[in-house]
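**Q** Model the full structure from these sequences, guided by the hints.
If you read the protein sequences in the order shown, they are chains A and B.
Position 56 of the first sequence, counted from 1, bears residue number 84 in the numbering used here, the numbering being contiguous throughout.
Position 55 of the second sequence, counted from 1, bears residue number 98 in the numbering used here, the numbering being contiguous throughout.
Hints are computed from structural coordinates only; laboratory data are not their basis.
Lysine-lysine pairs mimicking DSSO-like chemistry, simulated, CA-CA at most 30 Å apart:
1. Lys-183(A) x Lys-106(A)
2. Lys-326(A) x Lys-289(A)
3. Lys-290(A) x Lys-197(B)
4. Lys-289(A) x Lys-207(B)
5. Lys-362(A) x Lys-197(B)
6. Lys-347(B) x Lys-279(A)
7. Lys-288(A) x Lys-197(B)
8. Lys-283(A) x Lys-347(B)
9. Lys-288(A) x Lys-235(B)
10. Lys-283(A) x Lys-235(B)
11. Lys-199(B) x Lys-370(A)
12. Lys-290(A) x Lys-199(B)
13. Lys-288(A) x Lys-199(B)
14. Lys-235(B) x Lys-289(A)
Label pairs and their computed distance ranges (CB to CB):
15. Gly-149(A) x Val-536(B): 23 to 31 Å
16. Asp-335(A) x Glu-191(B): 27 to 35 Å
17. Glu-100(A) x Arg-345(B): 52 to 60 Å
18. Glu-133(A) x Glu-191(B): 30 to 38 Å
19. Arg-261(A) x Val-536(B): 26 to 34 Å
20. Arg-261(A) x Glu-273(B): 38 to 46 Å
21. Ile-327(B) x Ile-104(A): 53 to 61 Å
22. Thr-530(B) x Phe-359(A): 51 to 59 Å
23. Glu-191(B) x Tyr-39(A): 21 to 29 Å
Which residues of chain B face chain A? A few of them, derived with a C-beta cut under 10 Å, are:
24. Thr-178
25. Tyr-179
26. Glu-515
For each residue, glycine too, the CB sits at the ideal point set by N, CA and C.
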Amino acid sequence: MCGLAGILNRYGKRISGNKIITMANMMEPRYDGRGGGFAAYGIYPQHRDCYALHIYFDNEDAKELTEEFLKEHVLIVKDEEIPTRKIKEIPKRYITWRYFVEVPEKFKNNEHDYMISVVMGINDGIEGAYVISSGKNMGVFKATGMPRDVARLFKVEKYKGYLWLAHGRFPTNTPGWWGGAHPFNILDWSVVHNGEISSYGTNMRYLEMHGYKCRLLTDTEVVAYLFDLLVRRHRLPYELAAVALTPPFWKHIEKMPPEKKKLYTYIRMTYAPAMLNGPFAIIVANSTTMIGLNDRIKLRPLVTAKDDEFTYIASEEAAIREVAPNIEELFAPKAGVPVIAKLEVD
Amino acid sequence: MGFPPEFKVVVDKEKCIMCRRCTIECPYGVHVWDEKKKTIIRKEENCVACQRCVFTCPTKAIQIEVRPPAYSPHPVWTEKVRRDIRLQAETGSVLLVAMGNEEPYRRYFDHLVIDACQVTNPSIDPLREPIELRTYLGAKPDYLELEESYSDIKLKTELTPNLKLETPIMFAHMSYGSISLEAQKSLAMAAKEMGTYMGSGEGGLHKDLYPYADHIIVQVASGRFAVHEEYLKVGAAIEIKIGQGAKPGIGGHLPGKKVTEEISQTRMIPVGSDAISPAPHHDIYSIEDLSRLIYALKEATRYKKPVFVKIAAVHNVASIAVGIIRAGADGVVLDGFTAGTGAAPQVIRDHLGIPIEVAIAAVDQRLREERIRNRGSIIASGGIRSSADVAKAIALGADAVYIGTAALIALGCTVCKQCHRGKCAWGIATQDPKLRKRLKPEEGARRAANLLRAWSFELKEILGALGLNSIESLRGNRDRLRGIGLTEVELEVLGVKPAGR
Ligand code: SF4
Ligand code: SF4
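**A** Pasting the structure below:
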């Protein structure tokens, strides 16, 4: 069991972390204290054009090696400690640092893939250094603990963002280390996930064929990479990317009008290895969009609601009711059918 | 020098009613009526243990037993070795055998186990929830190009033809000539009923099979028997046969005495002439030549049929498969060294080639490394005995499998290994009109379809236990397999972890 929450201000208005912390706290029976975290978009407006790298280090050596590596590959505009509070619930185990970096001019035409290789270079190549998030104008804060304590540890309430994700963990299948907590992030993409990806082996090998390296000991990373591959690289609209990941059953496709049937058949044939199977609810976000998605037979809970300004997604209704007294309608999306909320300003 | 009989024919005198049925049923001349003595004598040395007399005896009076080895035991000079040498000393010829490899190599399927869900990931009950087995064989694009207008989305990409299978199991190529028309018809009818396909083999397509041709993959082999425009056009797909698992690197030979009127018409060769399939195709001496044949066949069928290429699984199978896909094939058929055959030299069958499991693993991995896994399907063939083997083959990386021997067993074959003698007591590997009558196509079709039905249901049970509701989530999912009793190197080749990790 895990708990998920997401909130998007569709007009890009930034709000403090308090709302998402409240949402996360409402679902505490779903967590066991072995992992909690937040993703926040819009929190670094003063460095909006830089990639913000949140990195955890085991020790000073790892930090030094990483900085050498960074200086070789990117331009560091600014770096500082990610501020933390001293709390007894979560002893600080890592050095937490953030770097605002730019991609050198000569790699600008392939900026995105270049940054992915930089991130993977650190995660893969430097012992004791973990890139926790790497998007622009966003950051991930996570640790081993209850979400409320993780929020206190990182002073999450002090940040202001327009899109927030939260996650509380009850890990069953992967060890509970700070890096293993959610959200999982790669560049612009963040994912929080409840459940298991039973198709992990198939998805991972498909992603590897496309140059991704799945090394983080978590099945959640495949979700982020699949969105990156399908939406960014293959330019599928979100709706169709969701069809590829959690397609309707063939018996339903058979009954569709001819054009649609062909489109869906082609998607299933082409993206068969991308299909996500197993019990899961996920919320995926990038700087403009928040998507909620369930597995094909809805084996994990997910509800959503909207008011004038915000779209909410959560594992439990209570999380939404607590922060949104004026919602129009609260509903549970059908199995495999995505909830897509987009930023309405640019 | 003779040989002691291998089997003992035991008749219960109390049960036997002297109906003489066994003298008619046994095609090998074991039970013979002695007119003088008014009794049945038994020439045990002829018995092949095909079990025909056992099943057909109305009072169940007959039992066939293995004779305890008659030779003084020796661990190196086994009875089989001694028999083979004595036979060759007698005849001076190559030992001909039928069915698959008999040497006790490691069967990797038996060293792989499948995962299941407990608690954290609920298993799925196939009786309550849909579980999908549909599989498409053929090339898939790297991605789909779409045309997005304001109101709707249109496809720009057109997919090349694929075969749609409702279950990932097909009937392997067994030619008309090597098996009877009744056996082929049985499989064709079952394939059509179950939404899958059968292979024609290299002997062409008898007119009676044309109604099922949309469920038949037509083969083009080195003998080019019966390859004409209509043959290519009526089939669902085309398969170029380069080699087969039971006899890699060598051709085929259908003796003239089996080339009856009907077979001669289908194969387009004179009655009574030997049908020789040369070892290589005489127009394929390189991968470029293969590519030319692939495109010649695609041109001839206006790019409406997928073209597969079948090879025996040999040491270098991964690079060869890459070459085949790059040459334009829509899929590669890997035939492992346990594959069956109607006739092959024993030395070739038992000592050449590699196991299908490692071939699948190596090819799937290499195609991924080359980033062309989507450009062609992998069809695994040879020695698939159960739905568990099917599931393991798919988890290792196959898209679908062919079954040959298992399909024949469904029709009544008892694996007596006499196919090359043309006297199959069950009407399968024979052209003798009297023996052929023993197999009724409707009954054969019912049994073959039932086998597919049973295995398909078992596959759904396995998927359900894995918490997967579609076969594509099992394909290449080696994460859900574990090895037992395998060395580190074997695990690495198969790409699986040991049990306990
Ligand atoms: S029918 Fe078969 S089993 Fe029976 S005696 Fe003849 S060869 Fe042996
Ligand atoms: S097909 Fe006939 S001859 Fe061949 S093994 Fe089976 S029963 Fe024996």
